[in-house]
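Undergrad: Given the sequences, and given the hints that come with them, work out the whole structure.
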Amino acid sequence: MPSIRKQTLRGKVAVIGIGMSPVGKVRGKSPLWLAADAAKKALADAGIGKSGIDGVLSSHAFASPFHRFSVAFSEYLGIQPTFSNTLQVSGATAATMFNIGAAAIHGGLAEVVLVVGGDSLLTGLTPDLALRSMTESRDQQYEMPFGIPVANTFAMTAHRHMKDFGTTPEQLAEVAVVQRRHAMRTPGAQQTTPITVDDVLSSGMVTTPYHKLDCSLISDGGAAFILTSAEHAKALGIKSPIYILGGGECYTHEHIFLMPSLTTTGAVESSRRAYEMAGYGPKDMDLAGVYDCFTGTVIMMLEDLGFCPKGEGGRFVEDGQMTYGGQIPSNTHGGLLSFAHSGVPGSLFHFHEVIAQLRGQCGERQVPGAELGLVHSLGAGFATNATTILGTENTL
Amino acid sequence: MISSEDAMKKPVPAPDADSAALWHGLRDGMLLLQHCADCGHVQYYQQAMCRQCGGENLSHRPASGRGKIHSFSVVHRAPGPAFKADTPYAVLLIDLEEGPRIISTYTGGKPEDVVFDMEVMLVCEKVNDEITLPRFRKA
Chain A
1 MPSIRKQTLR
11 GKVAVIGIGM
21 SPVGKVRGKS
31 PLWLAADAAK
41 KALADAGIGK
51 SGIDGVLSSH
61 AFASPFHRFS
71 VAFSEYLGIQ
81 PTFSNTLQVS
91 GATAATMFNI
101 GAAAIHGGLA
111 EVVLVVGGDS
121 LLTGLTPDLA
131 LRSMTESRDQ
141 QYEMPFGIPV
151 ANTFAMTAHR
161 HMKDFGTTPE
171 QLAEVAVVQR
181 RHAMRTPGAQ
191 QTTPITVDDV
201 LSSGMVTTPY
211 HKLDCSLISD
221 GGAAFILTSA
231 EHAKALGIKS
241 PIYILGGGEC
251 YTHEHIFLMP
261 SLTTTGAVES
271 SRRAYEMAGY
281 GPKDMDLAGV
291 YDCFTGTVIM
301 MLEDLGFCPK
311 GEGGRFVEDG
321 QMTYGGQIPS
331 NTHGGLLSFA
341 HSGVPGSLFH
351 FHEVIAQLRG
361 QCGERQVPGA
371 ELGLVHSLGA
381 GFATNATTIL
391 GTENTL
Chain B
1 MISSEDAMKK
11 PVPAPDADSA
21 ALWHGLRDGM
31 LLLQHCADCG
41 HVQYYQQAMC
51 RQCGGENLSH
61 RPASGRGKIH
71 SFSVVHRAPG
81 PAFKADTPYA
91 VLLIDLEEGP
101 RIISTYTGGK
111 PEDVVFDMEV
121 MLVCEKVNDE
131 ITLPRFRKA
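Residue numbers (the numbering used here), protein chains in the order written: chain A, 1 to 396; chain B, 1 to 139.
I should point out that these hints are in silico values taken from the structure, not numbers from a laboratory.
Since we're looking at a predicted model, the values are computed, not measured.
Glycine included, each C-beta is placed from N, C-alpha and C at the ideal position.
Some hints here could point you the wrong way.
Unchecked claim - Chain A is faced by these chain B residues, among others (derived, beta-carbon under 10 Å): (1) 10; (2) 44; (3) 54; (4) 72; (5) 77; (6) 88; (7) 102; (8) 105.
TA: Have a look at this one:
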């Protein structure tokens with residue numbers, strides 16, 4: 001792997017608009033509508049019209065019949081972009097859209113890129129599509145004949161983490177409890193009923209060590225962002241542009257039985273590359289959006305992203321370090337566990353939250369003085385990892 | 001694409017150019033691993049080149065069938081109706097004696113008996129005339 005990168009997109013590209021559709025149970029709305037609704041809000045937030053966009057990057061949608069979601073989306077919105085792609089690296093797609101969007105702008109392929117995703121996993125899936133999303137995501141020869149649920153691969157990593165480092169079911173549950181508390185202060189969050197560690201532990205086993213409340217929600221929803229060059233952001237008179245300071249990715253395996261280590265993931269390398277580009281380290285981050293498909297995922301990521309040493313993630317969470325007043329307030333909107341999880345677009349909500357926090361727009365859940373934030377997206381049993389670091393003008 | 005009628009059936013592997021020998025071997029009661037003559041790497045996931053050195057000088061040799069459980073998870077909520085009757089069942093990640101790791105499920109005992117580092121032994125379980133799955137019991 002090349003160790004020195006001469007090119008960098010640090011500070012070259014800014015997020016100038018953010019938008020989100022209603023989330024949770026949104027009946028009668030297609031993935032394209034959810035994405036377009038979010039896009040209209042992001043355009044309004046940036047103060048530009050749809051003719052101002054020349055690039056579109058999207059995730060795909062399980063509940064949509066379109067193979068080229070980004071292309072179908074552009075038709076739906078009534079635009080004809082000159083740069084577009086539908087990216088697919090499972091849960092890591094969100095951060096890759098920001099990284100690739102920034103690179104495309106920096107490299108001259110586009111000037112204003114709309115990053116967008118929407119899906120309706122809760123109300124929009126036909127039984128056939130639901131089954132397909134459950135069974136076709138893993139290898140049809142080596143994995144699926146044994147009956148491997150999506151949660152199972154992640155569960156085996158968490159289980160080994162418990163064996164190697166003494167992480168407890170209570171510590172896993174605490175992640176869900178903290179994030180539920182966060183969601184209670186987030187308007188529109190899907191789950192806002194307070195829960196306790198005991199509630200998580202008695203919520204019924206899904207696949208050991210994960211109970212129902214250790215698992216993320218199933219939701220409808222979309223989010224969208226407008227990215228452009230720092231110069232163009234200035235020319236548009238954008239008040240508080242949020243800059244992309246660093247990005248990194250890492251892909252370590254496809255099959256869970258070929259994962260190099262069940263407890264140390266590609267997030268170590270993806271975040272190292274992002275920190276290096278940004279010129280900041282984990283201690284500098286004011287908040288984080290940490291992919292949280294399952295509670296144990298968060299604990300492992302807090303370690304691999306450098307917020308605490310390997311093996312200490314459980315104690316870190318138990319000590320209140322992932323919430324307000326702790327070392328790294330994480331998933332302050334409630335995350336996939338309590339805010340919403342509409343499949344691949346779910347991680348875009350982490351971006352929405354971190355950017356809103358950096359703009360100081362989060363009201364009673366505002367992290368005071370937040371200037372630097374990290375978002376980490378991952379998927380497919382830690383096969384895919386992508387990190388993006390964002391900052392205010394002061395951090396350039 | 002899977003349809004509703006298929007939902008009650010468990011997925012059955014469809015051997016391809018890379019994997020035909022593996023499924024052929026299992027039908028004959030052997031778990032065939034690929035050994036690289038160039039670098040000595042041993043792989044379970046079948047492909048026409050060595051994942052370590054890229055060499056194509058691979059030969060199939062039967063595994064001893066002995067292994068140790070690296071991690072596991074007991075499934076209580078099945079991924080679709082076809083596996084519902086089997087719950088709870090233990091999904092295993094097993095380190096084979098020869099090195100490669102394999103995913104499988106536990107057979108011949110209760111899932112609650114499964115523990116880390118437990119020694120296990122291959123069981124070739126016939127699905128149909130073409131396909132036999134590699135599963136594992138307590139050694």
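Undergrad: Please go over all the hints and tell whether each is borne out by the structure.
TA: Hint-by-hint comparison with the structure:
no.: 1; hint: 10; result: holds, 6 Å
no.: 2; hint: 44; result: holds, 7 Å
no.: 3; hint: 54; result: violated, 16 Å
no.: 4; hint: 72; result: holds, 7 Å
no.: 5; hint: 77; result: holds, 5 Å
no.: 6; hint: 88; result: holds, 8 Å
no.: 7; hint: 102; result: holds, 6 Å
no.: 8; hint: 105; result: holds, 5 Å
Hint 3 from the earlier list is the only one contradicted by this structure; the remaining hints agree with it.
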